[in-house]
Amino acid sequence: MSEIDQQHEIYIAREERLAARRVAGEMVILSADDSSLYVLNELGALLWEAADGATPLREIVRRVICEEYEVDQETGLRDAESFVRQLAEHGVLRVGNAPGAGER
Amino acid sequence: MLVGGCERVVIDIAGFPVGLGTTDRPLARSLQDRYRHFLTSHSSLAADFVIDVVADPPCGENAELDVRVDGSTWRMTRGDFDASWNAASGCGRIRQTRNPYSTDSVLRIVHSVLLSRERGLLVHASSLVLEERAFLFTGPSGSGKTTIASLAPSAAVLLTDEISCVRSTPRGWLAYGTPFAGELGTSGTRVAAPLAGIFRLEQGAANRILEMPQAHAVRTLMRNILFFGTSAGAGSLAAWHPDTLRGHVLDTACSLAADVPVSTLTFRKESGVWDLIDRHVPGLVRA
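Keeping their order, the protein sequence lines are chains Z and G. For the first sequence, this note's numbering assigns the number 1 to the initial residue and increments by one for each residue that follows. For the second sequence, this note's numbering assigns the number 1001 to the initial residue and increments by one for each residue that follows.
Calculated from the structure, these hints are not laboratory results. Only true hints are included.
Each pair of labels, with its calculated beta carbon distance range:
id, chain 1, residue 1, chain 2, residue 2, range
1, G, ALA1206, Z, ASN41, 26 to 32 Å
2, Z, SER36, G, ASP1052, 32 to 38 Å
3, Z, VAL71, G, ARG1171, 43 to 49 Å
4, Z, SER35, G, ARG1279, 33 to 39 Å
5, Z, GLU89, G, SER1072, 31 to 37 Å
Backbone N, C-alpha and C fix where the C-beta goes; we use that ideal spot for every residue, glycine too.
For reference, chain G alone in the conformation it holds in the complex (with noise of 0.2 Å):
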């Protein structure tokens, strides 16, 4: 959409429209094309922001990722990006070169935040919906969340495979698909399904799941939660602060945990794995 002589696209990722616009058609173009799926016409937007593309790296090339909050306003700075956003209002500018990884970047970040209010979750991992039931495989890199992905049978559909996002709903705990992706690099698909089980990834000799204590399942959840967020201010009570935030994360992540079989899967690299996870969970009939 061109409003003004600004390229507008409002992404959706599970129920949280997000503004970006930007005067530079190439930029434009490029989100056009890497949030295509996610695209809606939602004018209600939880996040609004105006793109500015410079031509060099506004924070210097190598610069890491530092986030920090005053009162409402969140202030994300890397080596490629320099983006405040005031929480509060929902508006935000973003500095950038243009290149769309940054604005990506800066997504991933607000979405963590507007999630933590709402009973939601990013985790780092891959989940795909077989069957109208998702499953979430997590732990660090390398531990094989692309590749579990990769050896789902033919009938799944995958929602990610970097960057799951959960929910509490009404209708319980759902998986939605993001556009954030990893290793496959292409975009996850815009669906939600209810969240049959999560799985902790470790590469083995054979085939196992193990459940875990919901403690221990707790600490796996929290440890791939992306959260982001320092204040140098305690503001325990302040609605848009880390700390408040954090403790909601910490509140949906127990939620979770009591709900929803959390397990270690130790596989190795052949399709025999999701017969595995087809007998662990109940209700799941093989295709």
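One chain only, chain Z, in its complex shape (with noise of 0.2 Å):
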């Protein structure tokens, strides 16, 4: 994952080669690289569906989080800030500072 800058908007793309499926509200993601799988509950569900690399997080979360979930947007920009980075790490998400989210 490259240096993101917290200056600047922050782009979320979904990794490839990744299989995902709702299931009860809730999202299963599977690896094809090593079969690692995750489970997201249905904030972490909403914010991988709308990871799409060209909508600034900063917009995704005033319209998935604020509106569904009455949370400021300061919170919830900082919680999903620390979400999508664990998701990044885990290889689930790609994070930049660049529409495409640093594209491959």
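Now that you have both chains on their own, put them together as the hints suggest.
Set out below in structure tokens:
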């Protein structure tokens, strides 16, 4: 993962070679590389689905989290950033400062 | 059956007939005995293997299992066998020592692949039929898969104590017997029955059943499903590519978790646990 500049917009994109399915509101994600399995809760599932590589995280948080969960923008963005970085460490999301989120 | 000096058996597991032919008569006899409950005369085969028996382990004594896919060709190697199988044509070849367990290992891999394309799965689990309902018990080694089978009422029919097979069919989810044996060392029975419940086993001080949320159930299933195969390249559009098949497996696991109750069964080693299973599954009449 490339270094992320906090001062600029953050973009998130789903990694390739993953199979993901919605199961009772949660998202089950299977890695093709090592068969690791991740289960995202409802909020995580919404972020995952919105991770198109083109929409800034700030906008995703405003639209998906703040409106749905009545969270203020600053708190929502801080929590979302922490969450997407964890997913990036597990190879589930790509995170970057440009649209495409460091597309390969 | 003897065809051109080659002894040939056809084994049907869950509706997938697989041919095994060899000129080595001792191995052929071993295979006929090992799979005697699963022999069939089908001529339309899902896979067809020629087995060459060699004196020494073809891949070195201690080599671990490795399954690689190139196009539709699956290469399966371990110390005791070296097998290749063209999944598209169904034809394959196995080089192995005269040990039927080598053939058995290849069969497990091949069936996991065949099933994955037909809404089916092989699961590391024991399974039994009681009063026309199948129960599947999964969990890591030592969790009690064989124990729970040994505690079952005498009327229960063992499908397997090691590797269970389930498929989605027009009749609903069915569990099939398999010849893949574990600690009991005995083949399962060649019958199928509607799957009534799946239990992840834990041994504890008291008997208890706790149903799992669906996503948790999918995770439990995926951890215990047999699936092999890696490929150097991405290939989500190729029919026999492991990425494609892995997606099918995930779809099947999600459907299974949605349709069949998956629970954690904590139990202690006494037959009363089957009374609890009896009460938990509606419609099961106690004998």
